[in-house]
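Produce the entire structure from the sequences given, and follow the hints as far as they go.
Now for the letters of each chain:
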Amino acid sequence: MGLKNKDLLGMKQLSAEEIMEILETAKTMKMVLTSGNKKTSHLQGKSVVTLFYENSTRTRLSFELASKYMGSASANISASGSSVSKGESLLDTVRTIDMMATDIVVMRHPQSGAPHFIAPYLNASVVNAGDGMNEHPTQALLDLFTMYERFDSFEGKNIAICGDLYHSRVVRSNTIGLTKLGAKVSVYGPRTMVPVGIEKMGARVASSVADAVKDADAVMGLRVQLERQHKSLFPSVAEYSSFYSITSDILALAKPEAFLMHPGPCNHGVELPTAVYDCDQSVINEQVTNGVAVRMAVLYMLMARRNSL
Amino acid sequence: MKILVTNCKVFNSDKTSLYIEDDKFVNPFEIDDTVVVKDMKGNMVFPGFVDLHCHLREPGFEYKETIKTGTMSAAKGGYTSVCSMPNTFPVCDNASVVHGIMKKAKEAGFCRVYPVGACSKGEAGKELSEMGLMKEAGIVAVTDDGKCIATAELLRKVMEYSSDFGLLVMDHCEDASLSDGSMNESDTSTSIGLRGIPSVAEDIIIARDIIMSEYLGIPIHICHVSTKNGVRMIREAKKRGVKVTTETCPHYFTLNDENCVNYDSNFKMYPPLRENEDVNAIIEGLADGTIDCIATDHAPHHEDEKTIEFALANNGIVGLETAFPLGYTYLVKTNRITLNQLIDAMVYNPSSILKLGRGSLEVGADADFTVMDLDNEFVFDKSKMLCKSKNTPYDGYKLFGKTILTVMGGRITYEELC
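Line by line, the protein sequences give chains A and B. Count the first sequence with my numbering and you get residues 1 to 309, in order. Count the second sequence with my numbering and you get residues 1 to 418, in order.
For the record, the hints were derived by calculation from the structure and aren't laboratory data. Where hints are given, some of them may not hold.
[Unchecked claim] Straight-line Cα separation of at most 27 angstroms, DSS-like style, residue types lysine-lysine; simulated pairs:
{"id": "1", "chain 1": "B", "residue 1": "Lys126", "chain 2": "A", "residue 2": "Lys231"}
{"id": "2", "chain 1": "B", "residue 1": "Lys306", "chain 2": "A", "residue 2": "Lys12"}
{"id": "3", "chain 1": "A", "residue 1": "Lys6", "chain 2": "B", "residue 2": "Lys333"}
{"id": "4", "chain 1": "B", "residue 1": "Lys104", "chain 2": "A", "residue 2": "Lys86"}
{"id": "5", "chain 1": "A", "residue 1": "Lys231", "chain 2": "B", "residue 2": "Lys239"}
{"id": "6", "chain 1": "B", "residue 1": "Lys121", "chain 2": "B", "residue 2": "Lys398"}
{"id": "7", "chain 1": "B", "residue 1": "Lys104", "chain 2": "B", "residue 2": "Lys2"}
{"id": "8", "chain 1": "B", "residue 1": "Lys355", "chain 2": "B", "residue 2": "Lys239"}
Just so it is clear, the structure is predicted and the values come from calculations on it, not from any experiment.
See below:
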C-alpha cells in the first residue's frame, strides 16, 4: 500500500490506514534498532538533509541517526551558520538543497505552513519536523507508536493532553491522529492557552486537569513553551505548577495501567514534578527510542514511494 | 475629440447612444468624419465607478505599483475616480506629497485620483497632520489607513479638527493590541496553527468610533467592514441617526477564512477573511443598505513579499480589475442585491459620501463612463492584469461583467480589443 503523498506534511494529510502502516513498519524498525547490528541498506545510495530553523535535540538527532542507520548520505544545516543568516529566502534555500540531488528534506520551521509552502516547489520529499504552531507529525507518530506498543487498539481509549495547548503543534498532530484512529482526546490548560475552536478538531476541552486525566488510558504533558510566550499567558511558574501541573495525585486519577508521556524537553517542576517525570508510569525515555524507530519507518516508506515511481 | 457611443443600453435610461465632445456629454452633434464611433453591440453603459479606498503605492513603493499602472488597472476595472490611501513613503501627510500625487495622476491621465491625507503626522498616531493645507492641495478625506487611529483621544481630536475643513475621517478599525496574528481567529486558525486576529479586534474599534461620532455629532466612515457584529452595530447606529457610513470589499463577500488552509498568502489581508456567517452578514448589510459602498482596498505587493511563509507575507490583494465582476457575479446574478444597488455601492454612494460630484450620464456632465458585457462569462486571468503586482486570489475564476470600454473626461482610458 504505502504512502499516498510525496511529502509528509502533517497528520491531517494521512489516512488511518497510512498511520497504522507506519506504526507496523516502526515495529520492524524498532527490532533493527534494538538488535546488535543497527545497519540496514534501505536508504543506500540516497540522501537526507535536515534543515532546522529552530533548535532541537531529539527530533534532529533521531532523524539523522535514523537516516544513517539505514545507510543514506545525510547532512544537516541550520539557519544560523547557513546563508539564511545572510538573508537568503526560504524558497531559495530549499531549492538549493533540492538541486544537490537530495531525496528527502526534513525541515523544522517557526512558521506554520512553511513546509506546505515549499513542498510543491521541490522534487525532494519534504518531511515536516515541526512547523510553528501547526503540526509535528513524526512526534505524534512516535507517541501513537508508544501507545500502540501498549494497546491492542485505539478504539475508545481515553487520552489526556494537558498544558500549553495554544502554542503546541504536538497537541494538534496528536489530536488529529488519535481521533482518526478512534481514540477520545481530552485536553486541558489555562484558558489563556486554549485555542479557539479546538473542540472542532475532535478534542474535548476538560474543566480541570483532574477532569482531563480521570480514567485516562494515557496522559501526556506538554511543555510550556517559554520561548513562544511573547505575551504573558500565565502569571508565574509557581502559579502554573500549583493549578495546571500533572502531580502524582492527579496521575492517580487515571486508570491503574495508564502511562505518562511527554514530548520533551520538559520544564521540571512546571508541567510535571521531577518525581512524576521519573515515576514507574513514565515512558518518557522510551518515547525517545521510539522516535528513532518511527522516523526510520517514515524515511523508509517515503523512499519506497519514490523508488516505485 | 468627438465620440459617438452607439448601440448600447444606458444604465437607468432609455437612451441607446451617447455623444461626447471634448470632456463632456453633449446633445446630439453633427456626424462628421472626425467622430470616433464605438459600436457597443448592445452592452450596458454605466457611470464610471468610484473607488473610495485603494493603494497606488506612489511615492515610495514604485516596485509594487505606480500611479500610472494603478490607474491603468482602475480604468480596466471600469473606474474613472479613485481615492488613494496615504500610507506611501513619505506618508501623504503634507501638501507637497498631495501635489505630487495629483500631478502624476494628471500626467498619466487614466483616472481621476483623489488623495486621502493621513490624519496624523507620519501615520504615527500622535500629532495632527496639516489637514487644512492638504485640503487646499486636493485631499478629500483623512485616514491613518493601514493602521487604526491609535487612541480614542487622537480620534476625538482628528474628528473635531477635520470637521473644520469638512473632511471626513475614514478609520481602519482594528485594535492593534488584539491583532497579533495573520488570519481570522477561529477553529480554522487553530487547526492550521496560525495566530488568529479575533473579529472583536475590529468590533471594539467600530463601537468606539460610533460612540465618538454620536457624542461629537461628527460623521465617521468605517473602512472595509468584515464582521457580522460590525454590520449590526453600524445598522443600529444608522437607525439612531448616527452619521456613520461604511464600505466593504469584494473579498469579504466572496471568500472566507477556510480559504487560508493551504497557506496561500493571496488570501491574507487585513482585516482578515472572516467566517461564513460574517460573509452572509456582509451581503445582508449590502442588501439592506447598511453598507454604503463597495471599495477595492486594492493593495499591490511584490511577488517576493507574497511568495513566502504565510505569517511573514504582506497583507492585501489587488482588486481594481475584479471588483465589478465579483459584485455582479456574486451579488446581482445570485439575486442578493439588484444591479441598481451595486451601482449605488460602486458609484453614487462613494461619490456622495466624499462629495465628489461623480456619476452623472446627463448632458453637460463630465464624460466618465464604462461599458460592461453582462451576458458572457469570462475566465479571469491574472497575467492579463494591468496593475504591476499580480497578488490576486481570483485567477481562473469564471465571472460575468467584463469591461469593454472606459472613458474618463472624454478620453478613452481602456478599450477591450476583441
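Going through the hints against the structure:
Of the pairs offered as hints, the one joining lysine 126 of chain B and lysine 231 of chain A holds, with about 25 angstroms between alpha carbons and a cut-off of 27 angstroms not exceeded. Note on lysine 306 of chain B and lysine 12 of chain A: the hinted pairing holds, with a Cα-Cα distance of about 25 angstroms set against a maximum of 27 angstroms. For the suggested pair lysine 6 of chain A and lysine 333 of chain B, the alpha carbons sit about 41 angstroms apart, so the restraint of at most 27 angstroms is broken. For the hint pairing lysine 104 of chain B with lysine 86 of chain A, the CA-to-CA distance comes to about 38 angstroms; that exceeds 27 angstroms, so the pair is violated.
Between lysine 231 of chain A and lysine 239 of chain B, the direct Cα distance comes to roughly 40 angstroms. Violation of the 27 angstroms bound is thereby established for this hinted pair. With a C-alpha separation of about 43 angstroms, the suggested pair lysine 121 of chain B and lysine 398 of chain B falls outside the 27 angstroms cut-off, and the hint is violated. Between the alpha carbons of lysine 104 of chain B and lysine 2 of chain B the distance comes to roughly 26 angstroms, so the proposed pair stays at or under 27 angstroms and holds. This hinted pair checks out: lysine 355 of chain B and lysine 239 of chain B have alpha carbons roughly 22 angstroms apart, not beyond 27 angstroms.
Hint compliance for this structure: hints 3, 4, 5, 6 are not met, and every other hint is.
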